[in-house]
Amino acid sequence: MDVLRSRRFRTAAAGLSLTALALTGCSGSQGGESDALTVWFPGTNPAEVELMTDTIVPAFEEKTGVPVEVTYLDYADLSTKLNAAFAAGNAPDIFGHGPAAVSDFVINERIEPLDDYVAAMPESDQQDLADAFTGGQVDGSQYLIPLSIQSAVLAYDRSDLREAGLDDELDVGSWEELLEVADRLTVRDGDRVDRAGLLLPSASPGNQQTFLTLLASAGGQLISDDGQRSAFNTPEGLAALEYFVDTYQGDSAVGNNLGAQWTDSPATQQPLLLDQAAMAIMPTFRVSSLLDADPEFEVAVAPPLPLGDSEEGRYLGGAGPGLMISADARDKDLAWDFIEYLLTPEISSQYVEGIGAIPARKSAVDTPYVADDPLMSDYVSLIPDYVPNPSVPGWIVARDSMAAILEQALNAQLTPQEALDQMQVEVDDALAQARG
Amino acid sequence: MMSTTLRATAPPRPAGAAQNGGRRGPRRSPSSHIRMTGWLFVAPAAVYVGVFHLFPVLYGLVLSFTDYSPISRAAPDFLGLDNYAVIFADPEFLNALRVTGTYVLMVLPPLVIGGLLLAILINRPFFGVGFVRAALYIPYIISLTAVSLIWLWMYSQSGFFNQFLDAFGLPEQRWLLESTTALPAAAAMRIWTALGSNMVLLLAGLQSVPKELYEAAHMDGAGRWGQFLHVTLPGIRPVLTFVVAMDIIWIAQGFAEVFVLTRGGPLGSTTTVNYLIWTEAFQYNQMGSASAMAFVLFACIMVFALITVRSMSGRNSR
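Sequence lines, in order, name chains A and B. Count the first sequence with our numbering and you get residues 1 to 436, in order. Count the second sequence with our numbering and you get residues 1001 to 1318, in order.
Bear in mind the hints are in silico, worked out from the structure with no lab data behind them. Predicted model, so just to flag it, every value in this text is computed and none were measured. Please note: incorrect hints may appear among the correct ones.
[Unchecked claim] Interface residues of chain B toward chain A, partial, derived using beta-carbon atoms under 10 Å:
| no. | residue |
| --- | --- |
| 1 | D1077 |
| 2 | A1089 |
| 3 | I1120 |
| 4 | R1124 |
| 5 | P1125 |
| 6 | L1176 |
| 7 | F1259 |
| 8 | N1274 |
| 9 | W1278 |
| 10 | A1281 |
| 11 | Y1284 |
Backbone N, C-alpha and C fix where the C-beta goes; we use that ideal spot for every residue, glycine too.
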């Protein structure tokens, strides 16, 4: 029996030891080896992952002799995992995110200002990357290094225009004129719109981006220049929102599927390709993907149009997702070396080609990727007309509040003026709270 | 009982032990050895439960009384009951509670009644009964996120349901885009997913009811309905209570289907409390108020689950 007891004891002790070992393993540092550079890369695009894994990381490791541990994160998980890492004190040396998140990292002193590193770059590189870099700044300081430019543009199906007896090269001078064309392109069955003449993203938070496109095209702006308060409750804002609502409400509605989230759908499920819409505002990479799905599809991109009394139009666009250096990074110079390596013309070019994005470098306009692709050439030529979402503390809360109220306006639960008034209160409150 | 048995079979103390220089140091009795061994066996699970279940819950409770953002370098700032006061004055949270309650009421009755009917149906031998049982259970073992993605397509403008309506000349519906249909659409998917689980549990309950009771009821002149009311239902009451309580707990925590199908829209009509907690915690980094919402949800679930258990198990009637 003593033997039995002893065995029991040893078995139990072994079990306890294994548990302790397992727990110890679970609590290990995410960073792995202390001398490795840890990178959390935003996105799980296979082309992106392959380029990083097979080309960029091995080349950088060979050049510096420093191991690089890259973790690829889906955007949906990014904030959750970063928050957990910050709370646990083991954030990666380099991590990626979209420009909207940057200002909150800044006010919480989680990321490193990169002005000195940028200033040390050759002047030619700074000029070449200037369009992208602007969107990575907060209060005039560089924090995010965008790896590409992104935008949403008005795309249309040329064949639909021809069928409606129109020139298949869209020739309108304003959003108002566009609405008249959209009316001719709309296919109705009684009150129902079977094919949208003009489809503007209306799902949250895409509706806020549509509003910004229209607002900027009307000559207005979302946030005051000092980033402290809203600036959209103006005649320009009212004109923009009334236009947006009119595309979905009333007898002359030209949109359908109000509230549907289609911009994230794959190419084969895009309303333009399925002939559920003749014209639509879409992310540029999604427009290009239509040709991948159907090379015969006759898609074209319209120039930005003014609204109301404005003389020039705008599209939402600017810096795409990029990389930041953690304020707690062990070797910030090494982290910058990695980012700078990604920005070299050759690597940068491979990266944007892999994900089908607009190049961050102006000089890429001469590369075959841009020059041989009419759509990409259009996107690049429109860069001066892109207007980004604000990058101010509290922006995400402000954006979501706007999106919720815009949804009510689009569903005719609020008049455009009531919506603007409510949005002003919510946005001012969110910005003030974020600033403390 | 167990310790008595073991003590009875314990071997006599070895002779050498009595000759141990007469030293009377502290000796462990056999029962203390057994207790010790028992504790050691339990320890791994206890440590796991303590570290990964109890500690996070208690830490969440502490956070619910604080203002805390994980991206802030500042420690949680104690606020007392402020978070609770704020969320109870927040129309969005009150709406989420209402949506969650409605969702439970939409899903629970069909889930329990449907599960019971299916269990009765397959509680008899017929050709292919094994296949039918497996087919009905499969939706439950598929990831809810994967199921939600499939149903997202089925509810889309050109999806299965609209194609089905179109085949009969009926107009297409905006299933997930109208505030009147979005929650019922999500509920329908949840019912389809969980029906198999309820069916299997209730089938086990049905098979535990002694056949003799049915024979006796039959001898006493009870028809099928009478047998169901007076034999089946009382016989499966413990399982039924368990099923209803667990369903309330799981349905009230609905998140994945809302996240994939509607993102809380349209117009907040599908914003469940769990979805709002996720938004508050991981979109806006407000861990304090998110934790407060979580504990209010926990309290609501506990109260309703307890009421269900007490009323269904008949403990009040004692």
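Now for the hints, and whether the structure bears them out:
no., hint, in the structure
1, D1077, "violated, 12 Å"
2, A1089, "violated, 15 Å"
3, I1120, "violated, 41 Å"
4, R1124, "violated, 44 Å"
5, P1125, "violated, 44 Å"
6, L1176, "holds, 8 Å"
7, F1259, "holds, 9 Å"
8, N1274, "violated, 14 Å"
9, W1278, "holds, 9 Å"
10, A1281, "holds, 8 Å"
11, Y1284, "holds, 5 Å"
Consistency note: the structure conflicts with the earlier hints numbered 1, 2, 3, 4, 5 and 8.
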